[in-house]
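The listed protein sequences correspond, in order, to chains D and X. Read left to right, the first sequence gives residues 0 to 175 (numbering that gives the first Met the number 0). Read left to right, the second sequence gives residues 0 to 175 (numbering that gives the first Met the number 0).
Note that these hints are calculated values from the structure, not bench results. Treat the hints loosely; a few may be bogus.
[Said to hold, decoys possible] Estimated spans, in silico, between C-beta atoms of each pair: (1) Ala106(D) to Arg146(X): 22 to 30 Å; (2) Asp145(X) to Pro11(D): 51 to 59 Å; (3) Ala46(X) to Arg109(D): 30 to 38 Å; (4) Thr16(D) to Arg44(X): 55 to 63 Å.
[To be verified] Lysine to any residue pairs mimicking SDA-like chemistry, simulated, CA-CA at most 25 Å apart: (5) Lys92(D) to Pro141(X); (6) Lys21(D) to Ala80(X); (7) Lys92(D) to Phe27(D); (8) Lys92(X) to Gly140(D); (9) Lys21(D) to Val78(X); (10) Lys21(D) to Lys92(X); (11) Lys92(D) to Arg137(X).
Heads up, the beta-carbon is just placed ideally off N, CA and C, and yes, glycines get one too.
Residue-level listing of the chains:
Number of protein chains: 2
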Amino acid sequence: MRDIAVAADLSPGNLYTYFRGKDEILFFCQDRALDRLLAALARARTARGPLAARLHGLAVAHVLCLVDDVDGSAAHLEVDALPARLRAPIVAKRDRYERGVRALVAAGIRRGDLGPTDPTVATRAFLGALNWTAHWFRPDGPHPADRVARIVADYAVRGLAPGEPAERGENERRTA
Amino acid sequence: MRDIAVAADLSPGNLYTYFRGKDEILFFCQDRALDRLLAALARARTARGPLAARLHGLAVAHVLCLVDDVDGSAAHLEVDALPARLRAPIVAKRDRYERGVRALVAAGIRRGDLGPTDPTVATRAFLGALNWTAHWFRPDGPHPADRVARIVADYAVRGLAPGEPAERGENERRTA
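My request is simple: use the sequences and hints to build the entire structure.
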């Protein structure tokens, strides 16, 4: 709590005015991060254009949220660190976000904007590529956050694009 | 230790013959999982054919290793759970694996098998899509492990394929 108080330029006593302890601060960070993700999802839902482009905007916002100084990089991933009473609403909110992303992926597959695949598994792989950024990104690394977000989003959306699986392509070349 | 002993069909006393405690078991699981990953990397290095197909084989093996019953799903991801003396060799081995994967990705980009991108960031996104499987895969889920590994690998390798970024495609369509 002392470290957090120093970082927030508050006295530890003042910090306790707002939060009952570390759990409540972690909850606040996770809840706030999920609100940002849900706002990005709402934008992707109402945007016009191909689903790939709308998911790209979502992916950039998702990565930027994870690596944001204020909302705390891995904060919203550490849901297991919360006590059960605080974990349940966070898990429900996270599930709502994931269902929303999956609905966009499924719509993209139906319309042919994205390649045919299992939307549930592909959505998890898509979110995995994004979420993993919180594990390795360092603010003092070679690329700034917005460039990393762009590269990761390019990768993550291209994974959903129409096209032949790699090994099928190879077999076809072999028999050609 | 008691639960592990029951699962391994050993008495807790017998288990202590092999391991000094939970840390040593976690180390053993992580080390073994990394040996499997390094073996898959060696196969991908020496295989012939386009880099995309070789990375696809690696990706399938990577996911199957993570969701394997015996080697313990998330075992090799929980490196922070190890004390420093056991963590260092695991981190070194993991870094060796990641450098090897990155070298394959970089070779694919140079040869034009893969699209132009930052090989370091793209490799981390690729590994993120694979690693995330350990977070969500359930053996009693709708798809068996080998099908999940195939879908995730298809996704992860397609993310590296040549092609236009989604949003650039959209802009071009807008001005067409």
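Status of each hint after checking the structure:
no.	hint	result
1	Ala106(D) to Arg146(X): 22 to 30 Å	holds, 23 Å
2	Asp145(X) to Pro11(D): 51 to 59 Å	holds, 53 Å
3	Ala46(X) to Arg109(D): 30 to 38 Å	holds, 36 Å
4	Thr16(D) to Arg44(X): 55 to 63 Å	holds, 58 Å
5	Lys92(D) to Pro141(X)	holds, 23 Å
6	Lys21(D) to Ala80(X)	holds, 20 Å
7	Lys92(D) to Phe27(D)	holds, 13 Å
8	Lys92(X) to Gly140(D)	holds, 22 Å
9	Lys21(D) to Val78(X)	holds, 24 Å
10	Lys21(D) to Lys92(X)	violated, 34 Å
11	Lys92(D) to Arg137(X)	holds, 21 Å
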